[in-house]
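Undergrad: Same order as they appear, the protein sequences are chains D and U.
For the first sequence, the tail end lands on 373 under our numbering, and the numbers increase by one without skipping.
For the second sequence, the tail end lands on 408 under our numbering, and the numbers increase by one without skipping.
Please note: incorrect hints may appear among the correct ones.
[Said to hold, decoys possible] Straight-line distance between alpha carbons at most 30 Å, and here's what the computed DSSO-like set of lysine-lysine pairs gives:
no., chain 1, residue 1, chain 2, residue 2
1, D, K212, D, K226
2, U, K294, D, K351
3, U, K190, D, K262
4, U, K248, D, K262
Everything labelled a hint here was simulated from the structure, so no lab data went into it.
Quick caveat, the model's predicted, so the values are computed rather than measured.
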Amino acid sequence: MDFSFSEEQQLLRDSVTRFIRQDYAFETRQKTVTSSEPFNRDYWKTFAELGWLLVPFSEDDGGLGGSAVDLMVVMEEFGKGMVVEPLLASAILAGGLIAESGSAAQKSDWLTPLMEGNLQLAFAFAEPQRRFDLGNVATTAQPDGEDFLLSGHKTVVLNGGAADTLVVSVCTDVTTPESISLLLVDASAPGLTRTSYKTVDGHNAAEVYFDKVRVPRANLLGAEGKALPAIEKVIDRATVAICAEAVGAMESALEKTVEYSKTRKQFGVPIATFQALQHRMADMFIECQQARSILMMAAMQLDGSDGVAPRAVSAAKSRIGKAARKVGQEAVQIHGGIGVTDELDVAHLFKRLTSIQYLFGSTDYHTQRFIRA
Amino acid sequence: MNDYRGKPKVNNEYTPEEQQFRNEVRQFLKDQLPEDIRRKTLLGMHLEKEECVRWQKILYRQGWAAVNWPQEHGGTGWTATQKNIFETECALAGAPEVIPFGMKMVAPVIFTFGKEEQKQRFLPDILASNVWWCQGYSEPNAGSDLASLKTTAYRDGDHYVVNGTKTWTTLAQYADWIFCLVRTGGPQEKNQTAISFLLIDMHSPGISLSPILTLDGYREVNEVHFDNVRVPAENRIGEEGKGWTYAKVLLTHERTNIARVAHSRCQLQRARQLAEETADGNGTLMENPAFAQKFAEIEIELLALEYTELRTLDAIRTGQAPGPESSILKIKGTELAQSIDELHAEIAACGGLPYVPWQLEDDFDGDRVGTDSAVNSWLRYFNNRKSSIYGGSNEIQKNIICKAVLGL
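Next comes chain D alone, as it looks inside the complex (with noise of 0.2 Å):
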């Protein structure tokens, strides 16, 4: 075992730091999130130069190893600023499923320009009908000759309105519900209509709408029927990686409600001298530490080969979830009115401390999984 980060990872800390000190101030974030655009495009640019896009991916597909440990860092430090730009659903959702599933030829269609930053994906997986259950889709893709005709409604499909192009969770045969199969599908291919939007917490999503959109049969990723093991594989390294958003959220909503606690004057002294609120504070700071604790478990387990990640998974996502809901909720708390205003920035943390407690399964889904598994 061993608790201490390589020189390397030191190295990738520092590079995200010093961006979101130096170019990611809250006010500069606000811009990105009330324009009209899905995010920064130039920083996404920034991302590629600074080689953070190779960071999810194995040298063997051209990236820097793909460690869940790497993720972490990263993750880390984009939820302390409350980095918008895709990393998450572009690389390691969409990225990740072309890296798990994809050919030779299919990885440097799409993998190579996602990594050098010309190429925006997406992983529509979500539908109506469904809430966690990864093995519930009922779009259809029906075959077609060469071809597959695609139907159905894809929500909320993260980062769906940016994409060039959508991996899309389908349905080949009716007849075998479970039998799911992946497909690349071009985003402005004749029949697929999307409804862009930005979400609560200021990334960019999408309702994605099928109608009999022809796919051919050369952009299955994949074995046809047997795509549900990797969408769980990654899915799981997802959730690692928000779960690490959320520990850097935290630990930034605490710092800034600690500051501001010691400025606050009531009653002619500092918030900061009441015990009722110490102990909160104390209380948040003890969420942190055990968030932190079994956010390493998870991604150690996760690089590690002895095939027990699904439960370790949940069991961070679960554990974090509580955290999440329980510092975000006491941050605007302590910080009383200004704590619900939209100028501040400790409510926007909330918010994404609150996406992340539903993103990829509730905390009481992971539970019942963690229960399962």
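Please arrange chain U on chain D, whose structure you already have, making use of the hints.
TA: Frame of chain D, contents of chain U only:
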């Protein structure tokens, strides 16, 4: 473009050496752990003095008595991972926890702040479990506000004369020695200069005990009265008036030990077994969704705590003393142990009502009531309410976090 490529360092896999070490520990426990001690420990019963000492001497002969000491004094010199493996295997096998007062509390103070003669005089007997130590910190009017302690020690030639009362002194009835915080300065003097750390022979004239029964009916703690007890000045650790500083170091060590992750893991595993054997409706208690949910949340908290402990041990290994973060281990460790005890009480349900602790003893041959685990579960639940109170109450730990970590 930056290149961050490198060998992944952070990992939780056991090296071949660590796996071999684990096998060695398992084999040792299989060969050497006495069955009677194992049975009582797994039931969560209190052990007799003889049983504690017998087991600790077995550890001593193996060279594994002092997990946290430096090697020069007979410690194991183990890494954080090895300590974790050892504690986990011991708990799962049903080995009792080492009585902490000598081995884990006073010894670090002696080897950190003591004179060479003191180290030579006291450490070997602690290591070999030849002497039993107890702790003289709390007083009837000095609980959470420990520094307000009033036991006095005035200098008379080459002796101190000690007067006062210590309380909550665990197993003082077995003890040969007590380590005490005493007031050598005046009542107005600051704690940082008024308190000294004395080692006192429990067989000295003027010491008497009043037993205190805990709510489970066990004589676990005592009041210790000092009536003009003469203590050689050479038994003072470090400088006169600096005792508070040494005590705080000891308290930090104490808190780290209080987490008891391995013990909790063993008790949780046992709770699962019991819940799987307990009928509930048409199935077992473990199949009851409300119980299963509660159980899973505790299990997940334990995983987090285990890694918090590993991170703390790793920080100690890399040269940082256990800092205020050890307060987290104290708070979460005791909360978790209490919630597991409560789970056991819930599994037993009304089977925990009969008060028949004597039937748990090895030599009991009367009519039995219920099961031993049920009979003992409520007693343990009641008894362990102490853990969020002792060692600095959990509220005091939060004060420490606020002051030392958050700067409040």
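Undergrad: A separate judgement is required for each hint: does it hold in the structure or not?
TA: Cross-check of the supplied hints:
1. K212(D) <-> K226(D): holds, 22 Å
2. K294(U) <-> K351(D): Holds. K294(U) to K351(D) sits at ~27 Å (cutoff 30 Å).
3. K190(U) <-> K262(D): holds, 28 Å
4. K248(U) <-> K262(D): Cα-Cα ~27 Å, so holds.
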